[in-house]
Amino acid sequence: MDIREIIGERGESIFRVLITRKHPTRGYLFEHPRFLGEKKRTIDFHVELFHDESSIPFFFVQVKSTSQGYTLKERRLKVQVTTTDMQRLAAYPAPTYIVGIDELEEQGYIVSANGEYKTGLPSLCTDYPLKPNTLALLWDEVVAYWSAPKYPLFRSVFCDPKWRQ
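Positions 12 to 176 (our numbering) are the ones given, in order, by the sequence shown.
Incorrect hints may have been included.
[Claimed, not checked] Derived pair list, reagent style DSSO-like, types lysine-lysine, alpha-carbon separation capped at 27 Å:
no., residue 1, residue 2
1, Lys89, Lys129
2, Lys84, Lys51
3, Lys142, Lys84
4, Lys84, Lys129
5, Lys142, Lys173
6, Lys33, Lys84
7, Lys51, Lys129
8, Lys89, Lys142
9, Lys129, Lys33
10, Lys142, Lys33
11, Lys89, Lys173
The hints are simulated quantities; they were obtained by calculation from the structure and are not laboratory data.
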């Protein structure tokens with residue numbers, strides 16, 4: 012196993028821990044992040060929300076991990092997402108996200124991949140760390156998506172301001 016595979020596997024494990032952390036007032040928001048990475052080219056995880064049994068909202072995630080840290084000028088995480096991956100992620104009829112993992116600091120950041128971008132990302136914004144308030148906002152966004160009638164035009168709040176159209 013090479014070092015990139017080790018960093019990638021650690022990033023996936025860190026993501027599982029971060030996405031399932033307990034919110035201080037709302038409790039657990041997400042359950043069973045299922046790893047799909049070996050079965051799907053672009054999607055790494057299928058994540059379900061704790062929700063009533065009448066519907067189980069979910070979303071997809073691609074995890075990108077790095078041990079190279081951040082850009083100096085804008086403190087963006089040094090992970091890249093290809094144009095092909097962005098287009099494939101946006102094609103799913105469900106909420107999709109990219110989570111960048113700083114493997115050394117064991118911190119993650121989420122960005123929407125729902126068609127807001129036409130090209131890949133050379134680095135990932137760090138505006139949305141996977142912390143309790145962001146997780147609650149993510150839960151609300153995914154529930155709103157699945158509650159809306161007939162697959163609405165979806166625009167996420169987790170948009171990288173540098174690449175917003």
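Holds or violated: are the alpha carbons of Lys51 and Lys129 at most 27 Å from each other?
21 Å, holds
Sort out whether Lys173 lies within 27 Å of Lys142, counting only the CA atoms.
22 Å, holds
Please work out if Lys89 and Lys142 have their alpha carbons no farther apart than 27 Å.
20 Å, holds
Holds or violated: Lys89 to Lys129, with C-alpha atoms at most 27 Å apart:
20 Å, holds
Hint consistency between Lys33 and Lys84 [alpha-carbon to alpha-carbon, up to 27 Å]
33 Å, violated
Taking only the CA atoms, is the gap from Lys142 to Lys84 under or equal to 27 Å?
Holds - the C-alpha atoms of Lys84 and Lys142 are around 23 Å apart, at most 27 Å.
Going straight from one Cα to the other, do Lys84 and Lys129 come out at no more than 27 Å?
OK: Lys84 and Lys129 at ~24 Å, within 27 Å.
Is it true that the CA of Lys142 sits at most 27 Å from the CA of Lys33?
10 Å, holds
Holds or violated: Lys89 with Lys173, Cα cutoff 27 Å?
15 Å, holds
Given pair status - Lys51, Lys84, alpha carbons within 27 Å
34 Å, violated
CA of Lys129 to CA of Lys33, is that 27 Å or under?
Violated, at about 34 Å.
Violation of the numbered hints given earlier is confined to hints 2, 6 and 9; the remaining hints are satisfied by the structure.
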